[in-house]
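Visitor: If you want the building blocks of each chain, they are given just below.
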Amino acid sequence: MEQYVPVLIALILGGLIATAMVFASAILGPQKHAPVKEEPFECGNPPSGSAWGRFSVKFYLAAILFIIFDIEVVFLYPWAVVFRQLGLFGFIEMLVFVLILAVGLVYIIKKGALEPA
Amino acid sequence: MDHVTFFALALPLIVVATMVVVHPSPVYSALFLVMTLFLLAVYFLFLDAHMVAALQIIVYAGAIMVLFLFVIMLLNLQTEPREQQRRGLRRAALIGGGILVLELFLLLRRLPTGDTPEQALPAGFGTVQALSERLFTDFLLPFEITSILLLVAMVGAVVLAKRQG
Chain R
1 MEQYVPVLIA LILGGLIATA MVFASAILGP QKHAPVKEEP FECGNPPSGS
51 AWGRFSVKFY LAAILFIIFD IEVVFLYPWA VVFRQLGLFG FIEMLVFVLI
101 LAVGLVYIIK KGALEPA
Chain W
118 MDHVTFFALA LPLIVVATMV VVHPSPVYSA LFLVMTLFLL AVYFLFLDAH
168 MVAALQIIVY AGAIMVLFLF VIMLLNLQTE PREQQRRGLR RAALIGGGIL
218 VLELFLLLRR LPTGDTPEQA LPAGFGTVQA LSERLFTDFL LPFEITSILL
268 LVAMVGAVVL AKRQG
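Residue numbers (the working numbering), protein chains in the order written: chain R, 1 to 117; chain W, 118 to 282.
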């Protein structure tokens, strides 16, 4: 477990810095309340509608495709660990894997599945 | 894993897991679920399952959580008012949960007691290194076939979701 001590330190430091920033801005910043200032910022325009807007189902496809490519990355991680030992064999092995998935990426782009409209 | 570490981890885990269910706002529930998954990953580390711990964070806390947030946004779930929690639903949850606890209890009774000596694990057991060495040599073909499986999943998702277009 010793090799995870840096991870723990990074987690604690990250938490401390985030907490410190939230509290520091509340303590150090000038506190002048005005109705306009209390409004949520919306690109300078007066806010319109609820923040809980409904999203188009089309974006769901992007999320599903993200998961599939995330699984691909999951295989890249152990591969990177033993990359030097495997040498050229490992390189070709991963090349075949990535190329098969690249076919899928070309298909997705050609179908326009990543177009926002 | 000694008892102190176990309970030091179990207590926050139970708290955040309860918050996932109890919190009225679905977005907060999702954030608590991320914390639950992270704490579970630590348990996997203690079980020498280093790769599973990494997967837990990359796939579950990363990708699956994105899917959850998308569902929350797509369904436009608002913060749940208290009075909407129906009594019947709560009763059903109590009965279901009770049965689950009973089953777990019966299962745990059948487990062998901790008197048996722990078998020494081979060096490097469960490390990403050990897993990768086998995955990319002995399991070469299944690994390559996985890419075709992912390709099928991609095409399937596009075909199903873009039918009208």
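Keep in mind that the hints were calculated from the coordinates and are not lab data.
Don't be surprised by glycine CBs; every beta carbon is placed ideally from N, CA and C.
Possibly wrong hints are sitting among the right ones.
Chain W regions said to be covered by chain R (calculated; three or more residues, Cβ under 8 Å) [said to hold, decoys possible]: (1) 131-141; (2) 206-216; (3) 221-228; (4) 243-250; (5) 268-279.
Pairs of lysine to any residue, SDA-like flavour, derived with a Cα cap of 20 Å [stated by the list, open to error]: (6) K58/R to V272/W; (7) K279/W to V269/W; (8) K58/R to V188/W; (9) K111/R to M190/W; (10) K279/W to I67/R; (11) K111/R to L61/R; (12) K58/R to M182/W; (13) K110/R to V272/W; (14) K32/R to G44/R; (15) K58/R to L191/W; (16) K111/R to L268/W; (17) K110/R to E93/R; (18) K58/R to V98/R; (19) K110/R to P40/R; (20) K110/R to G44/R; (21) K279/W to V106/R; (22) K110/R to I100/R; (23) K58/R to K110/R; (24) K32/R to M182/W; (25) K58/R to M190/W; (26) K58/R to L114/R; (27) K110/R to I265/W; (28) K111/R to L65/R; (29) K37/R to P47/R; (30) K279/W to A113/R; (31) K58/R to I265/W; (32) K110/R to P47/R; (33) K111/R to P47/R; (34) K279/W to R84/R; (35) K32/R to I265/W; (36) K58/R to F69/R.
Visitor: Taking the hints in turn, state whether each one holds.
Guide: Tested hints:
1. 131-141: violated (count 0)
2. 206-216: Violated - the stretch 206-216 of chain W has 0 residues with a Cβ nearer than 8 Å to chain R, which falls short of three.
3. 221-228: violated (count 0)
4. 243-250: With 5 residues closer than 8 Å to chain R, the stretch 243-250 of chain W meets the three-residue bar; holds.
5. 268-279: holds (count 8)
6. K58/R to V272/W: 15 Å, holds
7. K279/W to V269/W: 15 Å, holds
8. K58/R to V188/W: It holds: about 12 Å lies between the C-alpha atoms, which stays within 20 Å.
9. K111/R to M190/W: 25 Å, violated
10. K279/W to I67/R: 17 Å, holds
11. K111/R to L61/R: Given pair K111/R, L61/R holds - Cα atoms ~12 Å apart, limit 20 Å.
12. K58/R to M182/W: Given that 20 Å is the threshold and the Cα spacing comes to 18 Å, the pair holds.
13. K110/R to V272/W: Holds, at roughly 12 Å.
14. K32/R to G44/R: 19 Å, holds
15. K58/R to L191/W: 10 Å, holds
16. K111/R to L268/W: OK: K111/R and L268/W at ~14 Å, within 20 Å.
17. K110/R to E93/R: Given pair K110/R, E93/R is violated - Cα atoms ~26 Å apart, limit 20 Å.
18. K58/R to V98/R: Violated. K58/R to V98/R sits at ~26 Å, over the 20 Å cutoff.
19. K110/R to P40/R: 39 Å, violated
20. K110/R to G44/R: Cα-Cα ~37 Å, so violated.
21. K279/W to V106/R: Status holds; Cα separation ~16 Å.
22. K110/R to I100/R: 16 Å, holds
23. K58/R to K110/R: 16 Å, holds
24. K32/R to M182/W: 38 Å, violated
25. K58/R to M190/W: Judged against 20 Å, a Cα distance of about 12 Å means the pair holds.
26. K58/R to L114/R: 9 Å, holds
27. K110/R to I265/W: 19 Å, holds
28. K111/R to L65/R: 13 Å, holds
29. K37/R to P47/R: At roughly 12 Å apart (the allowed maximum being 20 Å), P47/R and K37/R satisfy the hint.
30. K279/W to A113/R: 7 Å, holds
31. K58/R to I265/W: Violated: K58/R and I265/W sit about 25 Å apart, past 20 Å.
32. K110/R to P47/R: Not satisfied, since the Cα-Cα distance of roughly 37 Å exceeds 20 Å.
33. K111/R to P47/R: At roughly 36 Å apart (the allowed maximum being 20 Å), P47/R and K111/R break the hint.
34. K279/W to R84/R: Violated, because 42 Å separates the two Cα atoms, which is more than 20 Å.
35. K32/R to I265/W: 59 Å, violated
36. K58/R to F69/R: 18 Å, holds
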